[in-house]
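Engineer: Here is what each chain is made of, one letter per residue.
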Amino acid sequence: MSNLLSLTTFLPVLGVLLLLFIPKDSKGTLRNVTFATTVVTFLVSLPIMFGFQTNAEFQFVENVPWIAAGPFKMRYFIGIDGISLWLVMLTTFIMPIAVLSTYTAVEEKVKEYMILLLLLETGMLGAFISLDMFLFYIFWEVMLIPMYFMIGIWGGKNRIYAAVKFFIYTMVGSLLMLVALMYLYFKGLEAGFTNFGLLQFFNLNLPLSTQTWLFLAFALAFAIKVPMFPLHTWLPDAHTEAPTAGSVILAAILLKMGTYGYVRFAIPLFPEAAHKFAPLIATLAVIGIIYAALVAMVQEDVKKLVAYSSVAHLGFVMLGVFAFNVEGITGGMLQMINHGISTGALFLIVGFIYERRHTRLITDFGGLSKQMPVFATIFMIVTFSSIGLPGTNGFVGEFLVLIGAFESQLRWWTVIASSGVILSAVYMLWVFQRVMFGELDNPKNQKLADLNAREISIMVPLIIMIFVMGIYPKPFIDTMEPAIKKLVSQVRTTRMSARSDSLPAIPAGHPGMPAAPASAPLPEGHAPSAVNPHHPQ
Amino acid sequence: MEALSFQQALQQSILSANLIPILPEILLSVLAMVLLLVNVFAPAGQKSYLNYISFFGIVVTGILVAVGWGGHIESFSGSVVLDNFATFFKLIFLVSAGLAILIADQYMEREGCNHGELYPLILFTVVGMMLMASGTDLMTIFLGLEVMSVSLYVLAGFNRGSIKSNEAGLKYFLLGAFSTGFLLYGMALIYGATGTTRIAKIAVQVGQMSLPSANIMLLAGMLLMLTGFAFKVAAAPFHMWTPDVYEGAPTPITAFMSAGPKAAGFAAALRIFLVALPTMQVEWSQVFWVLAVLTMTVGNITALRQDNIKRMLAYSSIAHAGYALVGFAAGNPTGTAGILFYMLSYSFMNIGAFAIIILVGKKGESNGTVQDFAGFGVKHPVLAVAMSIFLFSLAGMPPTAGFIGKFYLFSGAVQKGYIWLAIIGVLNSAASVYYYLRVMVYMYMKDSTEEFDWMQLTVPMALCVAIAVAGSLIPGIVPSFILQFAQQAVRLI
Amino acid sequence: MLDNVWLIPLFPLIGFLINGFFGKKIKNEAVIGGIGTLAIFASFLVSCGILLQMIGLPPEQRVFEKVLFPWIHSGAFKADMAFLVDPLSCVMIMVVTGVGSLIHLYSIGYMHGEEGFYRFFAYLNLFCMSMLLLVLGNNMLVMFIGWEGVGLCSYLLIGYYFHKKSAGDAAKKAFVMNRVGDFGFLIGLFTLYWWLGSNHNIWTINFTEIKAASNLLPYGGVVTVATLCFFVGATGKSAQIPLFTWLPDAMEGPTPVSALIHAATMVTAGVYMIARMSFVFIKAPETMMIVACVGAATAIFAATIGTAQNDIKRVLAYSTVSQLGFMFLAMGVGAFTAGIFHLMTHAFFKACLFLGSGSVIHAMHYALHKGHLHDDAQDMRNMGGLKKAMPITFLTFFVSTIAIAGIPGFSGFFSKDEILWQAFANPFHGGLNIILWGIGAVAACFTAFYMFRLVFMTFFGECRINAKVKDHLHESPLVITIPLMVLGFLAVVGGYIGMPKLLGMLPNYFEHWLEPVFALANEYGAKYAHSGGHHNPALEWGLMGLSVVIALVGISIAFTMYVKNTELPGKFTATFPALHRAVYNKWYVDELYDYLFVNPCKAFGQFLWKGFDVIVIDGAVNGVAGVVMAFSGVFRYIQSGLIHNYAWSMAFGVVVMLGYYVFK
Amino acid sequence: MENLNGYLIISAILFSIGTVGVLVRKNAIVIFMCIEMMLNAVNLTFVALSRHLGNLDGQVFVFFIMTVAAAEAAVGLALMIAFYNNKESIDVDDMNLMKW
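Residue numbers (this note's numbering), protein chains in the order written: chain A, 1 to 537; chain B, 1 to 493; chain C, 1 to 664; chain D, 1 to 100.
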């Protein structure tokens, strides 16, 4: 089973080949085949999860030559560690759900739709497992194409604008990253590297000035994908126009590409620059949290509201990641998965009522709880998970992010960010109340059918995950921890030798690892005035 | 050097006349003349077999050329050479000519100007281009260039009935001749500065100069020659003929012109500048830097607003010349090999796109706007997918040949240290995405206005599309072997 | 037995799951109610067992921790799903499970025939579980689960009649205001964790470990910051100024909910939290002072509002807020035991009062329903003279009223008087003490007044309810009255376990019981207490008498106004209309908040969206595209189609190149 | 040969005149004549240089240029005729069907 990863990644393509031979009118078969493919992919990916040893090494590695010409050597070099493992699992887990959700949602051009879905899955999986930077870039770009068509063909009335905006917006960022990639590669050649393999570049010690430019190029590409505050406007459009499955995948997985990019590439490759820009990025993240929450609060379209809410959530992820300590990054990673599950579920929920009423305006609803109790229950659970109620997945990630960031030099950012938990409660509960509570006055709503078996079976796995990850997150955290510790120590060591800014040394014998020290006493000026450790006792 | 007597010169040339390097040229020329004769006696209306014959001839020549890979034979006392560089480019020309021939027949039938001269002319063009690629003497290069150009003038104006075609031909002719003047003057000055027209000898002479850029004659000569080639490859500000000629010329010819002659221009220019004037790289790469930026930007920006798809692709081809110039400016193996690779894949994707345009188009070049692609995705899914592949390749999206090509071109610039050039380049290709996507928007996201109509898809057409798809996908996924060939090709000069 | 502490929250959880998943199928109210009640009663029994075992142990060994499973372990951070049993949590679980069981029982009768009966019991169980987690958690995070869990349940139960908009609003308001508190809680937690960790390398949120390390904490400084944050949390949960406005609105929920959540248990969580971390709070004198002041202020403030409300439940709600104020006052003056003691007694009599009011409303409702009238069943102006109709309710209600009013011999007297005395005599706040005491005393007077006003308006005088439904009024069924009687009984005798030593008839069991919990805190307190506090028996006697007098004054005013000559209130309002309007409208606090926070937030959001997001950011994005397109429009016209221009451009190019290189 | 520069300057002037002619004249044929003049200027340069350098390459080149010029003339005039057939004019300003 040495090539388990490749198998998982390219199974969907096999599914596509299968679909090609199915006549386009037999929609049922098309759907079932696609669903089967995704399910099989998930099943195949399970051994990866169970076979994963809890250590910092990359596992299930495959490394074969691919391109070799002129100065360049690209390899088909893939593998996963604790960080990518869960994102891979998330992908294979969400896809069947997304497919299942399209059974009634998509009626025309089913064949094309299904093919695109599968291609998209391959693209995403590939991006998560690539350890060759060139390979990663290929997958990273390839993902755009199916998503573009999904938004553009099956989207709402403003779909073309949204699709093109999505495509070009992302393209600009990633192309600049491409240039940075080339530059980095040639730096590597000078250092004696011979190929695009990611890991060796972690040891490449670049001067801060170089790091700065390269980091900016990478950061921009990823920031657009995340999306971070000033670069987020493509997201609401894309989400509101995309069909349900599209939104689910976009929110649940595609956005993680950005944050994953930071964790896997931008930070370990350019640690000093990352530290230099941490305050800036944290600021943007915090602005994003508050800003998106406030904007979400006043949305009239449920889907748009959810879209903005995910901007806020990913702000938390970024904050945690840039805390540069184990708690923060672990929280960030968890939050990525949580967001995948909760927000994915939210989009599905929006999809349900949209299919029934063909409107997403909050004002068109109200009092649905009476008519659709099951739906109400599920919606409520997901809502509270998204709010981050203890006992649900949302809390664990959010809490770790905040405590990690609070330990790091980002204390004051954290304080502001924490107020996001209030705002998130405000907008989520408000929309929940306006949709589900109150009189069932709108006659159109009075004969709405409650969720059917298929829809419930879509939601159940998500609900289960919500509670599992909320009540017993240990396995997730434990598997990530070694990889994250490694990452942190990489960052730490390089920045100990950093010429530029100064963070405090590690307090000896800290029970954590080099990680938590980001928490240690602050550089002056950061320290809250209240803290005076030398009070007479 | 002492002047030779006529006798000696004659003997020399006879002795050193090794015909192997120009065998493909000879073959094609003979074929072309034969076709001309055949055409005279052939009854009108059934010229399409000329099409098959010439395609066959191209294939055979292709094999012949390919066999010559790896060899290095000079001939005609060093004015023609057979080396990997020439071979690679010859293959590019043959590919473009072959694809063009495949799509020519159907179009010419429809436009009612299926005169048999078409194929000989194309073949002559190929001969000219081949001479440009393999010529190592300014004279041979000039001859090749003129053979190519003269035939192209005719081809551009081939559709005698169509005033657009006439205009295209005439414009191309006047401006082409004009540029030739500059080219020749440049050659003359270089001859004056170095006392020879042999590239190798020029290299020696220039190499001996302590500060070549101080030699006004040489410098001016170089720049004027550069102008000539810039015109052929349609680099701004010498590009202005391109949109009009491409729009006016018969579509297959446009497809052909956008691929082959452009490559030929690069072939000759590369040989001259890299072999003869390496010591002046500082100067010419500066010039190419500027030209590249201008060309990319003008091409892309202007293309954004085009509705006539032929004209749009014309501007896009200007932009692509710009990308290639990025590699030229870099002037290092990575970049130049990138040019070779890019020219090849560009022939595939661009001619493929034009093939689809021909299929969509109707008599009298009607139905040639972007809007006419509305609903194409539903009517002809397969062709639409093919078109999408071509467009994505043109836009430089992985996993297509276009991406790999751009990657090598730009990384050449980066390697050379021209970071900004690379950045401008990628920003340009980001902008270009818009107008390529626009076609797809119409193909897939807008509904057709007129009723469903099934175009007839002849065998050569289908063949062309198939080849083009393969040619723009496969090198994108497994580019190694082509890239290695390109590397070797540029290493030998 | 101690080892099975985890059973305590487990039973209600099981009850919740059963009712939650299958309640809809079961339908049979008896079964559903039975399950719910038994679940909580089972944990009551376990709690009793634990209490007995604890009593069996010598005081210093009365601390027991039980780790169920590791929850969040990441880096240095550790939080287990673990329980802490000590005297304090014992008191709390007894109160929660005990009162909880009674209220469950009561609900079977009260909620009879409601649609979603099963939903109600499921939520009720869920609440009990969360509350038990809150009081049993051995670290701040488990406490926080409970903390938010009870918030969730109160959200669900307030919104129980979700089709009423007011209910939905109230629910949301409650949750959001609690969230504001939680924000404080979190920041406090972070600060404490980070400070201990980074300065002493003790990375913990475990109460016992913090307690062990508490000697490392400085006085004031960071501790003040942390404790203030925690206190913000407390104000949110326990409805103190400034976050109290949600509690009165919470009366939208069914009455048993008001009794259980918004009187007996949840709202006291803040008090419990401070008691739990007494050893931290005591180290922050500033915080202690603020706590005391806020407590006192809330006590008087809410009491004033209580005097003017006509909705029977709202009066009780404000009374609750005010009583919580007393508890915080106790905490603030370092009288932790007294605070907890009052917490317990208050749980008894206030639960009894709410349930009593529920029984009244129930009866009223029934009667009005029979008469097809749509008068407000909760408005005291429609009541009166009910004591004949429903004697048991009246009796229990009256007893509890006496207790809350602070008449000697009843539970409320002991606890409240203790608090007042401590407010006066505590060694911490110096000159402030007298003010604190004064406010407390006045508040007590008001309390007596409005409570008796309530009693008189409801049970005395002639019946103001529409005559034709009068004879439909009758006493509620046993299932409702039994809890009333039990609680009423407790309201009387509950106080005797915590007798002030001054009266000295009985030893103060309660204080001894909680001794070990607060020992450390008192020790720290002693460090900076100026003067051991002037302990003077005579003075204490005097104050005790004074407070009794105060209570009586309040009662007599109420008597004159609402029994003797009932036109007085009208006259009063006529003379001070503005004052009355202000009080009646709760001092316009809600309006103030809307004006200060809610509306600005919405407006700002609107601006950010319509103004910033769409115009500025997207404007920039589309602007770039627009500019490029504009250029495109210009560039194409350079392509004039005229050979001359083309030739010119070529010549131009040549000339420029030559000019630059050759003639430079 | 003493005054090479004289020849070079003459030919440069001729070339420039030709260029200017192309830029200003409207009649296609005249423009073509101007181009021919440019080519002949180049020829002159070649001949002078070849004489100066004393090798024949330049003169050989001239022969090529002449032939090519002839060929171009043939093609060019043919194109003009074709255009004239359709447009009744060979004024280059009338060749503006395709623009923008």
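One or more hints might be untrue.
Stated by the list, open to error - With a cut-off of at most 30 Å between alpha-carbon atoms, the simulated DSSO-like pairs for lysine-lysine come out as follows:
1) C:164 x A:447
2) D:99 x B:164
3) B:446 x B:362
4) C:25 x A:444
5) C:24 x A:447
6) B:446 x A:111
7) B:379 x A:111
8) A:304 x C:24
Source of the hints: derived by calculation from the structure; they are not laboratory data. If you're wondering where the values come from, they're calculated on a predicted model, not measured in any experiment.
Engineer: For every hint, state whether the structure bears it out.
Structural biologist: Hint by hint, here is what the structure shows:
| no. | hint | verdict |
| --- | --- | --- |
| 1 | C:164 x A:447 | 20 Å, holds |
| 2 | D:99 x B:164 | 11 Å, holds |
| 3 | B:446 x B:362 | 20 Å, holds |
| 4 | C:25 x A:444 | 28 Å, holds |
| 5 | C:24 x A:447 | 21 Å, holds |
| 6 | B:446 x A:111 | 18 Å, holds |
| 7 | B:379 x A:111 | 15 Å, holds |
| 8 | A:304 x C:24 | 35 Å, violated |
The earlier numbered hint that this structure contradicts is number 8, and it is the only one.
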